[in-house]
Amino acid sequence: MVEYNDLIFEISRPGRVGYSLPKSDVESVDLQEKLPKHLIRDEEEAADLPEVSELQLVRHYTALSNKNHGIDNGFYPLGSCTMKYNPKINEDIARLPGFSRIHPYQQAETTQGAFELLYNLQEELAVITGMDAISLQPSAGAQGEWTGLMMVRAYHEQKGESRNKVLVPDSAHGTNPASASVAGFDTATIPSDENGLVDLEELKKHVDSDTAALMLTNPNTLGLFETEIEEIAKVVHDAGGLLYYDGANANAILGKTTPGAMGFDIVHLNLHKTFTTPHGGGGPGAGPVGVKEDLIPYLPVPRIEKDGESYVLNSDYPLSIGRVKGYHGNFGILVRAYTYIRTMGAEGLSEVSEGAVLHANYLRKRLEEHFESPYKQLCKHEFVLSGSRQKKLGVRTLDMAKRLLDFGYHPPTIYFPLNVEEGLMIEPTETESKETMDAFADAMIQIAKEVEENPGIVLEAPHTTVVGRLDEVQAARKPIVRYTKEKDAQKKKDTVKA
Amino acid sequence: MNLVVTLTESALDKLKTTEIKEEQYPRIDADIAGGCGISVKFTLVFDEPRRNDSVIEYDGIQIHIDLFTKRYLDEETQIDYNDEQGFLVGESFASSACAIELH
Ligand SMILES: Cc1ncc(COP(=O)(O)O)c(C=O)c1O
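For the record, the sequence lines run as chains A and B. Once you know that position 108 of the first sequence is 108 in our numbering, the rest is easy, because the numbers rise by one and skip nothing. Once you know that position 90 of the second sequence is 90 in our numbering, the rest is easy, because the numbers rise by one and skip nothing.
Since the hints were made in silico from the structure, they are not lab data. Any given hint could be a false lead.
Cut-off 27 angstroms, straight-line C-alpha distance, at most; resulting in silico cross-link-like pairs (DSS-like, lysine-lysine) [what the hints assert, rightly or not]:
| no. | chain 1 | residue 1 | chain 2 | residue 2 |
| --- | --- | --- | --- | --- |
| 1 | B | 16 | B | 41 |
| 2 | A | 478 | B | 41 |
| 3 | B | 70 | A | 478 |
| 4 | A | 67 | A | 478 |
| 5 | B | 41 | A | 392 |
| 6 | B | 21 | A | 392 |
| 7 | A | 165 | A | 292 |
| 8 | B | 16 | A | 392 |
| 9 | B | 70 | A | 449 |
| 10 | A | 392 | B | 14 |
| 11 | A | 204 | A | 159 |
| 12 | B | 70 | A | 392 |
With the hints as constraints, model all of the structure from the sequences given.
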């Protein structure tokens, strides 16, 4: 089976094909003769496509996929990412031909069911977030943020105000300040207090007549709920600024409270985190954005609306910021999220947040003795430990993360948020069993012991993976990101010599 | 790997005139920022020895480097100092598909 560790280009043999066509019953033509010379590529320019049989292709990619770590093959406590189980029924529903075989250019009368689903999803998400209207267009959390900020800009401009500053706490996800600057704002960072929460006094110092909005993640990336949330909202509103809620961590508050109830004007959700649509690997996501009534005129168009008994696309919103994504967002993903919401129901979603919070606190308690724990209060969906104690013994968080691979776990998020030294950010999610969490805690505790008694095993980890410790220095300094035949041939020669 | 650490004159001056607490030594330390891809920044700090430190002597000064940091350092590393930025160590790098600060 070694052959399937090779690149698809290495398996390739000239002339091998993965299809068979019936004998042609028309005369074949020589394209070289028929096409203008400048359109014909010579050997050098020809696309170097691999030539393999269907079975080789299937084995190659199956072998690759087996080397992957995903939710379906193991625990994945990657903090800030909500790597929870995606129920298979979502896939069944998304594959129904009425959803999978339609085209956005079809006549609206022929796709009423799809529009109804989108409309209902908008309605459900509005209830879940406490907002008045939703746009499903943004295709990720970051794009939802940007869409929200473009609406912030349009709103202030319409009122004849020029406000250029967006406030972001230092514990925010990196996309927050990034989205603000892509939307043309200056950002000001608000430091956290010793409890990891927004420092109200600092916030007051920064809020002024140039403040366009505050972007707040709640619970924040430390997994902590902002206890002064109403006061924070008041400070910003009193100064004429808007409140943007990064709802990517909604898994912790589903069915318990809403950004609307906390006084926020705009929110985005990450359907690929909270609403069980596939996540990671660069696949399509969805970051719907919701707004309170005052901001409805600025929502992206076309909007999906109900007109009597039918569903229509309406672009008649002159103040809209326009379209932010082709067609109606990532439709297949929206179908999966809607399926999740309908199969869970309101009560089920409420249990989700209870489970997520209970699990995080259970793990936190089990690990607290063995690692520094900079924030001791009850957490929401995730918590952050520090590897500072192990650092003193000459072992770093990155080493411990590599060692976790030997136990078959995806490591937690590391070195984030930036305000925690040697941070380990752990989010178990509600879909894991107690047994899984206990086994993970046992592994973490064993690693902490190894650091004290037998650090070599941690420093040289991983030992059981397909490849061992990678040379990250080389990878960072001299990355080779493209395969070329020449380079490969050279590499083989070098290996033979060595 | 044979590590060569050199100090500029200003760095050496500063080190020789800095008061260091007992039991503490100058250390080249890798500071990592992560989230999606990692970036490594080297700093000069003063702290206690760690178990697997290497110690490099330079003009009578002992500089500590832990095993982790050593892996990431270039073979030749220079330490410089200026009043605005403090100590500057070697070449820092980011390995990231989404290289902003972190995320
Ligand atoms: C709190 C928070 N905000 C924003 C984002 C960005 O979302 P996306 O990766 O979909 O752009 C994330 C991603 O995990 C997040 O955790």
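Hint-by-hint comparison with the structure:
1. 16/B with 41/B: 24 angstroms, holds
2. 478/A with 41/B: 17 angstroms, holds
3. 70/B with 478/A: 18 angstroms, holds
4. 67/A with 478/A: Holds. Residue 67/A to residue 478/A sits at ~24 angstroms (cutoff 27 angstroms).
5. 41/B with 392/A: At roughly 18 angstroms apart (the allowed maximum being 27 angstroms), residue 392/A and residue 41/B satisfy the hint.
6. 21/B with 392/A: 17 angstroms, holds
7. 165/A with 292/A: This hinted pair holds, its Cα atoms lying about 21 angstroms apart.
8. 16/B with 392/A: 25 angstroms, holds
9. 70/B with 449/A: 23 angstroms, holds
10. 392/A with 14/B: Roughly 25 angstroms between the alpha carbons, so the hint for residue 392/A and residue 14/B holds.
11. 204/A with 159/A: Holds: residue 204/A and residue 159/A sit about 23 angstroms apart, inside 27 angstroms.
12. 70/B with 392/A: 15 angstroms, holds
Of the numbered hints given earlier, the model fails none.
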